[in-house]
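**Q** Given next are the chains, with one letter for each unit.
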Amino acid sequence: MRRLRTRPARWLGGVALLAVAAGIAVATADVGAPADAATAKQTADNKTLVVAVPSDIQNLDPTLSSADTPTQELLTNVYDWLIDYKVVTQNGKRIGAPSQFVGAIAKSFTWNKAHTVLTFHLRKGAKFANGDPLDAAAVKYTYDRIFEQNAVTAALTEMAAVKGKSSVTVVNPTTVQFRLTKANNLLFGNMAQFGHSILDPKVVKAHATKGDPYAHKWLSSNVDGTAQGPFVLQSWQPGSQWVLTPNPNYYGVKPKLDKVIFKVIPDASSRLALLKSGAVDMAYNLPLKDVKKLQGDKDVQIADNPSRYVVFLGMNSKVKPFDNVKVRQAISYAVPYKTIIQQVLLGYGRQLTSPIPEGTPTHTGKFFHYTTDYDKAKKLLAQAGFPKGFKTTMYVASGVDEGMETAIWVQQSLKKIGIDMQIQQLPGANFTSRLQKHDLPFFFFNNWVSINNDPFYHLYWLFDSACCDYTNYSNPAVTKAINANLLTRPGPARTAASLKLQKTIVNEAPWVFLYQPDWIVAMRSNVHGYVYYPADDFTRFKWISKS
Amino acid sequence: MSAAVLVSQRADAWRVLRTVGRWVRRNPITAAGFAIILALIFIALLAPLVAPYGADELDPSNVLAAPSSSHLFGTGNFGEDIFSRVLYGARYDLLIGFGAVAIGLVIGCAIGAFAGFVGGAVDEIWMRIMDMLSAFPGFILAMGIAGALGPSLRNLIVAISLVNVPIYARLMRGSFLVVKRSQYATAAVGVGAPPLRILRWHLLPNTWTPIFVQATLQFGYAILDAAGLSFIGLGVRLPTPEWGVMVSLGIERIVSGEWWVSFFPGLAIAVAVMGFNLVGDGLRDLIDPRRR
Amino acid sequence: MTFYAARRLVLLVPVLLGVTLVTFALTRVIPGNPIDQLISPLASPAERTQLIHEHGLDQPFYVQYVDYVRDLLHGDLGTSFTTSQPVLHDLTSRFAATFELTLYAMLVALIVGIPLGIAAAVRQGRLVDHVSRILAVSGIALPVFWLSLTLLYVFFLRLHWLPAPYGRIDPSLETPRHITGLYTIDSLFTGDWAAFRSSAEALILPVGVLAFGVMAPIARITRSGMLEALESDYVRAARSLGLPDRTVVLRHAFRNAALPLITMIAVVYGYLLGGVVLVEQIFAWPGLGRYVFNAITSSDYPSVQGFILYATTIYVLLFLVVDLLYLAIDPRIRHARAGG
Chain R
0 MRRLRTRPAR
10 WLGGVALLAV
20 AAGIAVATAD
30 VGAPADAATA
40 KQTADNKTLV
50 VAVPSDIQNL
60 DPTLSSADTP
70 TQELLTNVYD
80 WLIDYKVVTQ
90 NGKRIGAPSQ
100 FVGAIAKSFT
110 WNKAHTVLTF
120 HLRKGAKFAN
130 GDPLDAAAVK
140 YTYDRIFEQN
150 AVTAALTEMA
160 AVKGKSSVTV
170 VNPTTVQFRL
180 TKANNLLFGN
190 MAQFGHSILD
200 PKVVKAHATK
210 GDPYAHKWLS
220 SNVDGTAQGP
230 FVLQSWQPGS
240 QWVLTPNPNY
250 YGVKPKLDKV
260 IFKVIPDASS
270 RLALLKSGAV
280 DMAYNLPLKD
290 VKKLQGDKDV
300 QIADNPSRYV
310 VFLGMNSKVK
320 PFDNVKVRQA
330 ISYAVPYKTI
340 IQQVLLGYGR
350 QLTSPIPEGT
360 PTHTGKFFHY
370 TTDYDKAKKL
380 LAQAGFPKGF
390 KTTMYVASGV
400 DEGMETAIWV
410 QQSLKKIGID
420 MQIQQLPGAN
430 FTSRLQKHDL
440 PFFFFNNWVS
450 INNDPFYHLY
460 WLFDSACCDY
470 TNYSNPAVTK
480 AINANLLTRP
490 GPARTAASLK
500 LQKTIVNEAP
510 WVFLYQPDWI
520 VAMRSNVHGY
530 VYYPADDFTR
540 FKWISKS
Chain Y
0 MSAAVLVSQR
10 ADAWRVLRTV
20 GRWVRRNPIT
30 AAGFAIILAL
40 IFIALLAPLV
50 APYGADELDP
60 SNVLAAPSSS
70 HLFGTGNFGE
80 DIFSRVLYGA
90 RYDLLIGFGA
100 VAIGLVIGCA
110 IGAFAGFVGG
120 AVDEIWMRIM
130 DMLSAFPGFI
140 LAMGIAGALG
150 PSLRNLIVAI
160 SLVNVPIYAR
170 LMRGSFLVVK
180 RSQYATAAVG
190 VGAPPLRILR
200 WHLLPNTWTP
210 IFVQATLQFG
220 YAILDAAGLS
230 FIGLGVRLPT
240 PEWGVMVSLG
250 IERIVSGEWW
260 VSFFPGLAIA
270 VAVMGFNLVG
280 DGLRDLIDPR
290 RR
Chain X
0 MTFYAARRLV
10 LLVPVLLGVT
20 LVTFALTRVI
30 PGNPIDQLIS
40 PLASPAERTQ
50 LIHEHGLDQP
60 FYVQYVDYVR
70 DLLHGDLGTS
80 FTTSQPVLHD
90 LTSRFAATFE
100 LTLYAMLVAL
110 IVGIPLGIAA
120 AVRQGRLVDH
130 VSRILAVSGI
140 ALPVFWLSLT
150 LLYVFFLRLH
160 WLPAPYGRID
170 PSLETPRHIT
180 GLYTIDSLFT
190 GDWAAFRSSA
200 EALILPVGVL
210 AFGVMAPIAR
220 ITRSGMLEAL
230 ESDYVRAARS
240 LGLPDRTVVL
250 RHAFRNAALP
260 LITMIAVVYG
270 YLLGGVVLVE
280 QIFAWPGLGR
290 YVFNAITSSD
300 YPSVQGFILY
310 ATTIYVLLFL
320 VVDLLYLAID
330 PRIRHARAGG
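Which chain is which? The protein sequence lines are R, Y and X, in order. Going by numbering that gives the first Met the number 0, the first residue of the first sequence is number 0, and it counts up by one from there. Going by numbering that gives the first Met the number 0, the first residue of the second sequence is number 0, and it counts up by one from there. Going by numbering that gives the first Met the number 0, the first residue of the third sequence is number 0, and it counts up by one from there.
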């Protein structure tokens with residue numbers, strides 16, 4: 000039996016040998032092969048841009064969209080609204096200033112003296128992508144829909160003292176008026192966003208049904224016709240890719256690209272690989288360590304801009320032992336700030352020194368006094384009644400590398416003051432629900448930027464609102480000051496109030512103030528014209544060109 | 000007399016050694032598998048003595064250093080010594096593999112033997128339940144269970160073991176069915192052997208072979224599934240020096256060139272899984288009564 | 000036999016119903032509220048409640064389940080929370096991508112694994128046996144995601160032999176017209192060589208990785224089945240009759256070894272369905288694996304339920320076929336079943 004000779008056996012021996020040989024060949028060939036070989040594939044031509052994004056777009060109804068970046072960035076590129084951020088030059092870079100506004104669909108706007116009546120003058124002859132007139136009736140219809148749908152956009156608009164449908168009136172086919180019940184600083188910051196996309200009444204009505212009078216279902220996965228922004232959504236293969244092409248009827252700057260293809264590439268290493276090889280022109284959400292390495296690559300450039308994200312470790316005031324301000328301060332003195340910024344951010348970011356981020360009016364870092372000082376931390380911990388420390392768990396959302404790395408550094412530091420900290424990763428949905436219920440005791444959070452660039456708007460949501468006061472921070476004096484200043488015009492009194500609040504909150508340490516990261520977009524060197532918008536960080540592809 | 004005992008003892012030891020030696024020469028690969036497992040067990044036991052650094056020792060001044068004489072396998076994102084962590088990792092991964100296989104095997108075999116032995120409606124019901132469980136794609140069911148229970152070492156073991164239950168149950172029952180009707184069982188009944196003895200002498204040995212092969216395969220899959228779950232954040236807690244966690248910590252560094260961060264833990268997984276499978280495969284030949 | 004098959008088909012109904020119940024319960028137990036993924040964090044509690052109501056999530060568990068089963072009977076798998084599309088549409092539109100991947104992986108695993116197993120059995124204890132054993136064992140020993148990225152690094156980044164992990168086809172090419180949904184086949188039908196080349200190249204690494212993993216059990220089960228058969232009485236008899244070795248091995252012994260192999264193929268297919276989750280994630284493959292991965296991590300109940308129902312149905316049918324094959328091939332079981 001052992002002597003049996005069959006063809007498969009011989010054939011197979013050959014294959015095995017070949018496989019081994021190939022393996023060796025590969026292993027040896029690997030050494031010293033240049034990374035930027037000429038065979039690397041460049042994307043087709045200089046009119047097509049390919050972007051690698053981590054996830055697919057989801058719910059496209061502008062007033063009730065899903066909260067993910069790809070969706071909101073898409074909406075920002077296919078829709079337009081009455082006003083937009085003014086593009087200014089700052090330190091030699093063009094950015095969309097988050098607190099300066101110019102007309103968009105509205106050619107211009109005027110305020111009355113009391114700052115309570117806002118009049119928009121629309122462009123004559125403006126059209127939707129499908130050719131329908133983009134006039135006052137469309138604007139009125141859009142705002143009626145917003146208020147009747149009564150979702151986030153409506154709530155934010157009403158927060159800015161525009162109270163309901165009757166506050167928006169048509170003066171003539173090219174003029175619309177908004178009435179505010181109180182002069183304030185919040186309206187524009189909301190209005191320059193996709194929630195205020197002007198929709199085509201004809202298209203929306205055509206897809207409305209009895210149970211769905213505002214065509215939410217249809218708008219969830221379609222933008223055809225009703226869009227009027229620089230691009231239209233030409234195709235969408237769910238889970239795989241979507242394609243933008245220029246809108247021929249767009250009133251503004253004509254896009255320089257013929258096509259923008261977004262490829263869903265969930266794995267960060269794959270996105271990096273694609274960018275390095277030139278198979279894509281732009282890649283989002285690359286690990287910072289890779290970004291750092293890319294800086295030596297002449298084929299790749301990094302757009303690196305300071306963002307207004309606040310990244311912090313939340314300490315829940317309703318959960319022991321974090322209800323004790325001394326414990327929170329002790330931890331604030333035991334966190335290795337410098338190590339985190341160097342090792343986790345690799346320098347792509349700054350120390351967060353106040354609940355209000357740098358870049359938002361009235362921000363100050365002068366009250367921030369926390370350093371890494373274990374002796375002080377131990378003393379505070381002893382005063383709080385924990386001379387030997389305690390056990391606790393830090394929660395981090397799965398897949399958030401910065402959080403995971405920060406947690407590991409913090410774990411090591413807290414050990415030095417006797418705090419035994421476990422790290423618990425929670426899958427995204429689980430983390431969000433628990434965050435939203437405010438029942439995470441100690442957690443890493445990096446997902447907040449106040450699009451509306453107003454200090455009191457920002458403080459209101461994070462320290463006073465039912466939704467987002469994730470740490471259950473409560474201080475009656477703080478609440479009172481926020482409410483007194485939320486709906487006021489900028490001025491010295493408002494600034495003074497803001498400074499006082501920053502001082503209190505830094506002292507009471509509901510957060511460990513970690514950092515403000517940079518917003519990073521990696522792209523091939525032949526991509527030009529990127530403009531950063533600190534308000535929301537979305538890329539406006541109308542500025543982008545390729546050579 | 001004592002000298003005689005000594006001599007005979009020495010002779011015995013010599014004979015045993017010779018037998019082992021002959022066996023090793025004849026089954027070099029299985030022997031290698033055994034060696035791997037023994038080495039792993041030793042490493043797991045002696046990790047604190049052997050490892051040059053602590054498993055959680057971080058060093059911000061020396062992150063992502065390439066392998067060198069002071070750090071044999073290099074250092075990771077936090078300046079941790081990969082070599083030491085790989086050694087410590089043996090503890091966790093052996094535990095995961097063993098735990099998952101043992102739990103799955105005990106529950107699965109109990110169900111399979113029960114259903115196969117009793118037969119009838121009981122058999123039908125249990126097997127439909129097993130059909131149902133095995134109809135779930137394994138890894139996805141494990142993902143679901145691990146997601147529901149929350150990430151931790153214990154939950155990870157439970158999730159992986161439950162997924163394997165139907166495999167053992169099906170095998171156990173299948174062998175029961177075939178052997179139950181086979182000539183030697185019938186013959187044994189014919190000569191009046193009591194049922195339990197038939198079970199012990201005829202059914203079980205014939206049943207163990209395929210189950211043993213499965214168990215060794217599953218040992219590998221358990222470690223791999225654990226690594227996969229850790230990769231997507233449903234595995235063991237960070238920064239436990241479990242190999243799967245370590246691979247996932249270093250996976251993003253492959254493309255950027257720091258291959259060692261994930262390579263060595265990945266290799267450790269591969270070697271461990273290989274060791275168990277080689278042994279299982281070899282043992283199969285040894286145990287199989289029909290090939291003795 | 001027909002009666003048996005019919006009976007088994009009827010018995011599938013409770014099994015699948017059980018599957019829906021377990022899945023339904025499991026999705027509800029997974030912590031996390033899908034609503035939080037759907038709307039802005041700034042949404043008011045009223046809006047949240049409204050959305051929960053719209054999706055029926057405020058109903059008691061059994062009401063939700065009954066509603067779900069009722070919709071199922073009408074062919075409605077629900078609407079995905081994340082994609083806002085009907086789940087059935089989501090699944091069908093992603094099915095072809097996964098099918099293409101698993102089909103080729105299975106084929107490659109069989110084409111390599113079976114000869115490997117036969118050769119190892121025939122030349123037991125020889126070099127081929129050892130090599131095949133090591134190959135097979137390393138196949139299951141390497142973590143899929145680790146192997147994927149390492150191979151990507153070597154073949155794409157270093158050697159430039161294979162394309163970037165952009166999914167099924169080069170994004171600059173038009174996707175072939177939809178005939179079967181398998182890009183490699185469709186592009187052949189339409190004579191689109193560029194698309195064929197690109198989609199075939201894109202398949203190499205993910206298929207290779209998956210096939211390498213499932214090849215091992217196939218090779219092993221073939222080997223052990225073959226060994227058993229080669230020493231059985233009838234093979235000895237066949238050989239003593241002077242039949243040529245090749246005939247004995249391929250016709251008689253292999254036929255006997257095929258039985259456990261068939262079961263193993265069914266088991267392995269289940270493993271493949273799980274394996275694609277990680278592979279699709281790394282190779283940006285727009286298939287079902289990635290769909291269910293996203294669904295699980297975002298608590299998208301309808302999508303998870305829909306996917307698992309789809310996968311289990313396929314799996315259960317596959318096992319039914321396996322059992323029927325057993326019945327057809329091995330008379331001992333037929334008698335056993337007939338008796339019991």
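Check the hints yourself; a few may be wrong.
What the hints assert, rightly or not - Dumping the calculated DMTMM-like pairs for lysine to aspartate or glutamate here, alpha-carbon to alpha-carbon at most 20 Å:
#1 R:Lys377 / R:Glu507
#2 R:Lys46 / X:Glu173
#3 R:Lys291 / R:Glu401
#4 R:Lys216 / X:Glu53
Please keep in mind that the hints were generated in silico from the structure rather than gathered at the bench.
**Q** Does each hint fit the structure? Answer for all of them.
**A** A quick look at each hint next to the structure:
1. R:Lys377 / R:Glu507: Judged against 20 Å, a Cα distance of about 17 Å means the pair holds.
2. R:Lys46 / X:Glu173: 16 Å, holds
3. R:Lys291 / R:Glu401: 15 Å, holds
4. R:Lys216 / X:Glu53: Holds, because 12 Å separates the two Cα atoms, which is no more than 20 Å.
When the structure is compared with the earlier hints, no violation turns up for any of them.
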